[in-house]
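Protein chains in written order, with my numbering: chain A, 1 to 708; chain B, 709 to 1288.
Bear in mind the hints are in silico, worked out from the structure with no lab data behind them.
Treat the hints with caution; some may be incorrect.
[Claimed, not checked] The list that follows gives simulated cross-link-like pairs (lysine-lysine, BS3-like), each with its CA atoms no further than 30 Å apart:
1. 541(A) <-> 652(A)
2. 131(A) <-> 725(B)
3. 1111(B) <-> 350(A)
4. 866(B) <-> 189(A)
5. 810(B) <-> 1043(B)
6. 582(A) <-> 652(A)
7. 1248(B) <-> 341(A)
8. 430(A) <-> 745(B)
9. 474(A) <-> 680(A)
10. 541(A) <-> 710(B)
11. 887(B) <-> 221(A)
12. 369(A) <-> 929(B)
13. 233(A) <-> 525(A)
14. 1231(B) <-> 350(A)
15. 176(A) <-> 109(A)
16. 372(A) <-> 357(A)
17. 357(A) <-> 1016(B)
18. 31(A) <-> 189(A)
19. 143(A) <-> 184(A)
[Stated by the list, open to error] Far from chain A by the CB rule (all over 12 Å, computed), these chain B residues:
20. 804
21. 846
22. 1195
The C-beta atom is built at its ideal place from N, Cα and C for all residues, glycine as well.
Residues per chain, in single letters:
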Amino acid sequence: MSKIDKGLVEDQIQGKIYDKVLFSRLIKYLKPYKLLVAISFVLLLLITGTNLLSPVITQRAVDRVILSNNNLIIFDNEIDAEKFSETYPKIKFKNYNFRENCYLIFPNKKINFIPKHKIEELKEAEKILLKIAVVNNTEENRKLLSQEDYIEISNEEIVVLNSTISEMKEAGRISKENIRLLRKKDFDKLTVYGILFFIVITLQLLFTYFQVYFVNIAAQKAMYDLRRDLFYKLERMPLSFFDKNPIGRLVTRVTNDIGTLNEMLGNGLIQLIQEMFVLIGIMVAMLLYDWKLALVSFAILPITIYMFTVFINRSRKLYRVVRKKLANINATLSEDISGFKIIQLFNQYKRKVEEFKAINGEYFEASMKMMKLFAFFRPAINSTRRIAVAILLWYGGGQIIQDKITLGVFMVFLWFLDRFFEPIHHLSEKFNIMQAAMSGSERIFDLMDKDIEDYRLDKSLDISNDLKGEIEFKNVWLRYNDNGDVLKDISFKVKAGEKVALVGHTGSGKTSIISILSGLYPFQKGEILVDGKEINEYNLKELRRNIGIVQQDVFLFSGTIKDNIVLSDESISDEEMEKVAKFVNVHNFIDSQPGKYLEPVMERGATFSVGQRQLIAFARVLAYDPAIFILDEATSNIDTETEILIQDALKKLMENRTSIIIAHRLSTIQHVDRIIVLHKGEIVEEGNHQELLAKEGLYYDLYRLQYQ
Amino acid sequence: MKTFEKVIPFIKKNLYKLIIGVILIMVIDAGQLYTIKIMQKAIDNLNQTGFTHQMLLNAALLIIGITIFITILRYFWRLAFVGTAWSMDRDLRQMYYNHLMKLSANFYNKAKTGDLMAYATNDMNAVRMLLAFGFVIGADIIVIAIASLFFMVDISLKLTLLAILPMPFLSFIIMYFGKKIHTRFRQVQKTFATMSGIVQESISGIRVVKAFVQEEAELEKMSKSAKDYVDENIGLVKIFALFHPAMFLLINICMGIVLIFGGQSAILHDITMGEFVAFFQYLGMLVWPMIAIGWIVNMFQRGTASLKRLNSIFGVEPEIVDNNIDPDITELAGKISFKNLKFKYNEESPDIFKDISFEIDAGKTLAIVGRTGCGKTTVIDLLSRVYNPPPNSIYLDEHEIYKVPLNTLRSNMVMVPQEIFLFSDTVANNISLGKNEATREDIEEVTKKAQVYDSIVEFENGFDTVIGERGVTLSGGQKQRLAIARALLTDPKILILDDALSAVDTKTEKSILDDLIKMRKNKTTIIISHRISSIQHADKIIVLNDGKIEEEGNHKQLLMNNGIYADIFEKQQIEEKLSE
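Excised from the complex, chain A in its bound form (with noise of 0.2 Å):
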């Protein structure tokens, strides 16, 4: 980076989908959630089974029982089937003696292992029954069929000609009623099948859902914990990190930015685990299937591949100029929006309506390069998906005739092909999700790779009770960044007690003094000792929690007034809150709001008056009763009514603690022991009220102009 430390990293969209330092930092967030993932990755492998069991279970339907797929054989002894089935060790033969006869029944796909003349012998034999039912042998059947043609093979079941059913139900000679009798055992088999294949598809319902739902968690909690970190690490940062970066930016990282991470792990990454998987077990399903019909299927594959890089690079690079013309549209628009009085002031109406047209121009004309990009490679990767059916067909069809696959291989051919191209679709949104989640990380952790501020946590406080309050600055310079010293050689002492006013035209260092002594942002030279100790070898927390702040500008957070009061402290009781809320005389005005104490603050505290707020936080001081007590006096006007009040709980909580006040009001000033006046980091004047006034200095100028 050229410039020096501009802040954090700007928003913008980076081109990677993938880093190894920032994903291993990402992965440490899952570890917890080890046993989650490890659960959903076994899930993940059961989906991709039942993915392929469905096929699976269809193709054996169609192949062992819709189809008639078996053959029968007839031979008159014993010893010629045998030798037969000897002949022929690939094929498994089913053997059954009847009677007389011996039957050997095999099925068809394995016809191609009996050479073509023997088949031709048997047939012109009349011993070979080609695409058989095989029914059960009762009475019933028996009658159904006539005697010519059907063949008893055993007492349990009898052959029949696919083909002769169906002829027979051409010519009327039997009824649908009839066959739904004779193949009563194929029926029940197909159900066995429907069931098989209704419990699959719910197993993977369940599967699904549970994966799904516990890698989430598993994400979820992640992300939980990431958002965590990061918040509390923004918490820590130095103030001087918080006055170079926008609010907006630091929400930002704790929101969306870990919110596109929790996209990634959610949704983006684990689909396209699943769906490798689900396209591996696909192309290791279809190779064992039948490998040469699988390498004929995937042919148009490489053709499909090359596209689909050829778009998602071309893609990639149009979205990123298309963004950019949108940023530009949106950055013009913004700007015009806010610029509106000056172009019409000016009378540029024309030229701004011209300047837009060309802005809104290039995002057209790069949104239609993007949208010719898609109308062309969408339907053409899609085309090759029909293509490869088309080739499927083709040759697929081919090995059917041949007897070489069954029609249900082809029909699962058909489906994985389906299901294989479906994932390639997918892609090119993950790649979205991927890009945004490592820009987002690479935000997230170049926050968290910053350093946060020194409490000084190995220095605890020697008097484990409160401090005595006693403040020393010892030529003290102070500067923020290059623009020049704010405070100069600034010395002064503050006895434990003892009430001290600071008083300056703005710029003259008095907000800066009350910020260092608090450790908000380092000095550079002098010391600054709190009860004779260097600020530095105290403990931050230590030291803050025994100096209480009211600032000009009150802020309260949004919950309740109670809220507000204990802060975080749960020890302070209710009724000591009340007892300090009754000390700053702010318990009246609680008591008057319909919630009492439990009132809710709204944002920032909008909805009570400048007055109203300072009291509310003058309990917050009490309630914590720090030693040293600071208060930034607001500048705006506030009712007569309420700064009485004011100034009567000031009186109260400055008694006995040491004080150090930013004053603007007269009466303020009054109540204190001793005035510094500060003037451009330094200080003037020094004394109390009467002395200074005499001297007719810088004070009493600035007494004229703000105090009378």
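Since the structure of chain A is provided, determine the placement of chain B on it from the hints.
Just chain B now, with coordinates in the frame of chain A:
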């Protein structure tokens, strides 16, 4: 139909393209279904004798041919619809922009910039999607659904009825889950907003957080809301996790039904094996319309909601317009008179001015002073018609202000407002805003007068340096001096400076204004300043207070008056001394 008012002209203009698009869609759908038919026939013929490889090859080639044909048609289909939608998107956005630029301060005071921008992008998107896909998909699903059903019934009515039995449940599931997801999603967004709010607040109040050592407490607070957010998200995931699998389950149930009952029919020789295979394919085609129905309803809802939002902006009439003008007025000499001006922003708001009358002759300098909020800026906003003044209260060269065409007014009167607005463009382009044809010498000249030349030359690219976020950041004083230069370049008959040098130190302000008054000899100039020292040479000074002109005269006269003017002057003298 009123919602579509702005869109209908586009549809009409591109009607022939859209009709062609719809026809293309139908042809594509027919082609898709036909390939299934080809396959069905081929499979049935496999068992017939005399069926050759050549016939199989022919079938395959036919499918490939149709596929390529469909692919080409799809390209043109998208071009017809999506292309038209994009050009509508462009034109609508331009219309929107043009309209915005005509609207007045009254509108912008109420509108949020973020909203106005969202309309131009998000809402425009929704409308485009509606036009691009909404209508097409409508046509598509009808054709596909009817045609697939037709082919399925052709195979077997009974089987079709059985197979589509679960289909209505599919639509139901999509609608049911769609609704649930919607409400859940809103819930998630709500908790997200709460969480963002807490983070935002905590960072805004970081000083208090640190001062009261609340870092851990804030973490717990944030964690609680982050936990809520996570819980809501998990709630949403529970629905999501069920939604898609349930959808697939239903589709698979249809498939299972076909497997059992279609299988039976095949055994019974009611249907052929080719029909059995094709039936699965048709069923697959039928799934898409069922899913798309939910989608299309959603798209329609979003699109019309967005259109309504856009219409609400288009419905705002520009207020500051020429009406009843005298077109012969093309030049102004520079005399200005206010006659009994009464003004309030709207009916309910209190009077800003009760009765203001004053006059300034052409070529003179007028200064307006007064405490914050006394209405100085309003006076000149009315004069320059940022707001419409009541009729017959402001006159320019004896013309009633409404008689003067806006074009004349704007080219003769230039105002430098309090809040300087610069475009993120080069320095030179910003200065030449009102006079695009100005030469570099002219530009340099005016920057010297505004005493900003030296700063500009120090920038990396001098006058070609880009200002703003992506370029150099200017100080408040530099911005103001640039704006002065911008106004000086146009050298108008009437120049108005609205506290335009407040961020410049007193000395520089005085010297700029001294120069300016010299330059503006014989041209009318109005200066508003909170620093009296810099306007004491004005020909006339008016002091506004409480909606009235409290004092009027030149510097000396006003000091003698010993009123508000004198009081402010004294305080400023002290202040000046303090800051030295």
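Now the hints, each set against the structure:
1. 541(A) <-> 652(A): Status holds; Cα separation ~26 Å.
2. 131(A) <-> 725(B): Roughly 56 Å separates the two Cα atoms, so the pair is violated.
3. 1111(B) <-> 350(A): Status holds; Cα separation ~22 Å.
4. 866(B) <-> 189(A): holds (21 Å)
5. 810(B) <-> 1043(B): OK: residue 810(B) and residue 1043(B) at ~27 Å, within 30 Å.
6. 582(A) <-> 652(A): It holds: about 11 Å lies between the C-alpha atoms, which stays within 30 Å.
7. 1248(B) <-> 341(A): holds (27 Å)
8. 430(A) <-> 745(B): violated (35 Å)
9. 474(A) <-> 680(A): Between residue 474(A) and residue 680(A) the Cα gap is close to 18 Å, so the pair holds against 30 Å.
10. 541(A) <-> 710(B): violated (64 Å)
11. 887(B) <-> 221(A): holds (26 Å)
12. 369(A) <-> 929(B): violated (48 Å)
13. 233(A) <-> 525(A): holds (28 Å)
14. 1231(B) <-> 350(A): holds (27 Å)
15. 176(A) <-> 109(A): Holds - the C-alpha atoms of residue 109(A) and residue 176(A) are around 28 Å apart, at most 30 Å.
16. 372(A) <-> 357(A): Within the cut-off at roughly 22 Å; holds.
17. 357(A) <-> 1016(B): Given pair residue 357(A), residue 1016(B) holds - Cα atoms ~24 Å apart, limit 30 Å.
18. 31(A) <-> 189(A): violated (48 Å)
19. 143(A) <-> 184(A): holds (15 Å)
20. 804: Not fine: 9 Å to the nearest Cβ puts residue 804(B) too close to chain A.
21. 846: Holds, because the least Cβ-Cβ distance between residue 846(B) and chain A comes to about 19 Å, which exceeds 12 Å.
22. 1195: violated (9 Å)
Violated hints, in rising order: 2, 8, 10, 12, 18, 20, 22; the structure is consistent with all others.
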